[in-house]
Amino acid sequence: MSETTSITPTRPYMVRALYQWIEDNELTPYLMVDATAADVQIPTEHVQDGRIVLNIASRATGNMSMENDFINFSARFGGVSQEIWIPITAVLGIYAKENSQGMFFDPNEYDNYQPEDEATTFSKSNNTPAAAKVKRDNKAGLKVLK
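Those letters in the sequence shown? Residues 0 to 145, per numbering that gives the first Met the number 0, in order.
In case anyone wonders, no lab produced these hints; they're calculated from the structure. For glycine and all other residues, C-beta sits at the position ideal for the given N, C-alpha and C. Hints may contain errors.
Said to hold, decoys possible - Each pair of labels, with its calculated beta carbon distance range:
hint	residue 1	residue 2	range
1	Thr27	Gln113	31 to 39 Å
2	Pro114	Val79	18 to 26 Å
3	Asn111	Asp38	30 to 38 Å
4	Ala36	Ser99	21 to 29 Å
5	Asp48	Asn107	17 to 25 Å
6	Ser5	Phe76	32 to 40 Å
Turn these sequences into a full structure, and let the hints steer you where they fit.
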């Protein structure tokens, strides 16, 4: 590996793995988010001490998408459906409500990370990521050999 290659942070992979583990064990996954981070789209009336804890159980959310750059889903707050957008850099931790097992992340994990792809940017017109999915040339895949 060359010195210029940047290793991708583990946070998005750990969030997805722990989410699956919590759901598989029929527990309730809670996501702790830094509500002061840039590009976070959350119900601000539920923020306490600059943070918000969200129930991200499959039964409580709709259209969940966990990508390497962001988490997006719809959820109801006070009976009103809202679109939630969370940059993965704003995720502070994920844990099970019932037993608090999970993981909290190093807040400095992304300090020196320089992605090769364009960063996800948010469109001011509709508050959604302009580049929700970035196509990657180095994506793993299968090849038929004859």
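Structure-based check of all given hints:
1. Thr27 with Gln113: 31 to 39 Å: holds, 36 Å
2. Pro114 with Val79: 18 to 26 Å: Given about 34 Å between the Cβ atoms, the range is violated.
3. Asn111 with Asp38: 30 to 38 Å: Given a distance of about 20 Å, which is not inside 30 to 38 Å, the answer is violated.
4. Ala36 with Ser99: 21 to 29 Å: holds, 23 Å
5. Asp48 with Asn107: 17 to 25 Å: Roughly 20 Å apart at Cβ, these two residues keep to the hinted range, so it holds.
6. Ser5 with Phe76: 32 to 40 Å: The hint (32 to 40 Å, Cβ to Cβ) holds, given that Ser5 and Phe76 are roughly 37 Å apart.
Violated hints, listed in ascending order, are 2, 3; each of the other numbered hints is respected by the structure.
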